[in-house]
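Residue numbers (our numbering), protein chains in the order written: chain A, 266 to 377; chain B, 37 to 148.
Worth double-checking, as some hints may not be accurate.
Unchecked claim - So the derived label-pair ranges between C-beta atoms look like this:
| no. | chain 1 | residue 1 | chain 2 | residue 2 | range |
| --- | --- | --- | --- | --- | --- |
| 1 | B | S116 | A | A318 | 45 to 55 Å |
| 2 | B | G76 | A | K334 | 20 to 30 Å |
| 3 | A | T270 | B | L148 | 30 to 40 Å |
| 4 | B | E51 | A | G281 | 43 to 53 Å |
| 5 | A | E282 | B | V88 | 45 to 55 Å |
| 6 | B | S116 | A | G281 | 16 to 26 Å |
| 7 | B | S103 | A | S358 | 24 to 34 Å |
| 8 | B | N64 | A | E323 | 33 to 43 Å |
| 9 | B | K50 | A | S289 | 36 to 46 Å |
| 10 | A | R277 | B | K45 | 45 to 55 Å |
Said to hold, decoys possible - Computed cross-link-like contacts, EDC-like style, restricted to lysine to aspartate or glutamate with a CA-CA straight-line distance of at most 16 Å:
| no. | chain 1 | residue 1 | chain 2 | residue 2 |
| --- | --- | --- | --- | --- |
| 11 | B | K119 | B | E51 |
| 12 | A | K364 | B | D95 |
| 13 | A | K324 | A | E357 |
| 14 | A | K307 | B | D95 |
| 15 | A | K364 | B | E135 |
| 16 | A | K344 | A | D304 |
| 17 | B | K134 | B | D66 |
| 18 | B | K106 | B | E60 |
| 19 | B | K45 | A | D304 |
| 20 | A | K334 | A | E320 |
| 21 | A | K334 | A | D267 |
| 22 | A | K364 | B | E60 |
| 23 | A | K328 | A | E282 |
| 24 | A | K364 | B | E51 |
| 25 | A | K324 | A | E346 |
| 26 | B | K106 | B | D66 |
| 27 | B | K134 | A | D267 |
| 28 | A | K328 | A | D347 |
| 29 | B | K107 | B | D74 |
| 30 | B | K106 | B | D95 |
| 31 | A | K324 | A | E310 |
What the hints contain is simulated information worked out from the structure, not anything from laboratory work.
For each residue, glycine too, the CB sits at the ideal point set by N, CA and C.
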Amino acid sequence: EDQVTQSPEALRLQEGESSSLNCSYTVSGLRGLFWYRQDPGKGPEFLFTLYSAGEEKEKERLKATLTKKESFLHITAPKPEDSATYLCAVQESGTSYGKLTFGQGTILTVHP
Amino acid sequence: DGGITQSPKYLFRKEGQNVTLSCEQNLNHDAMYWYRQDPGQGLRLIYYSQIVNDFQKGDIAEGYSVSREKKESFPLTVTSAQKNPTAFYLCASRDSPKETQYFGPGTRLLVL
């Protein structure tokens, strides 16, 4: 059974203090790993898709990386507006209907 | 603007009542999904549809029903058989070539 574990559950940073969020996964074969940002009371907003180990993607202060067992979401010099819950999800190869298995999320709080 | 809309934003259900949540997309995506989000848990798949007039049960389909009569629409009915319906419900559609799911703003269902 696919498993996705995100750590830490919650992370508090000072503005400008860089850090990383972790997403560990167990699948028989990876078709894609997805990162989303979710603000309170809203739907998840798509950030990145990673398809193979070694791949990296960047968007403003965020950079996502992928290995064969985990993905990291690096946040460089965060601002208070980066505060949100960050969700990781995986799609196993061989699933024809796009089933995603989600982690529980990391709640990021950035203090000014 | 292309996107996914969900209505209502808040929905109240009385004991023994069926309620229907609306989901509409204008992204021209074939596949659509319904997820349930509870505090401290990852998103869980209720139903999915890969094409019009076809849909399949997800991991937690009991007490729910769906229809897919139009490509743009995928309504979810929460029936009286669902004993614990209080949750945040999210609809998504998938960009098949990129395997990426995009989410609507969500509907929060509360029980009176």
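Which of the numbered hints are not met once you compare them with the structure shown?
-> Checked against the structure, the hints that fail are numbers 6, 8, 10, 13, 14, 22, 24, 27, 29, 30, while the rest are satisfied.
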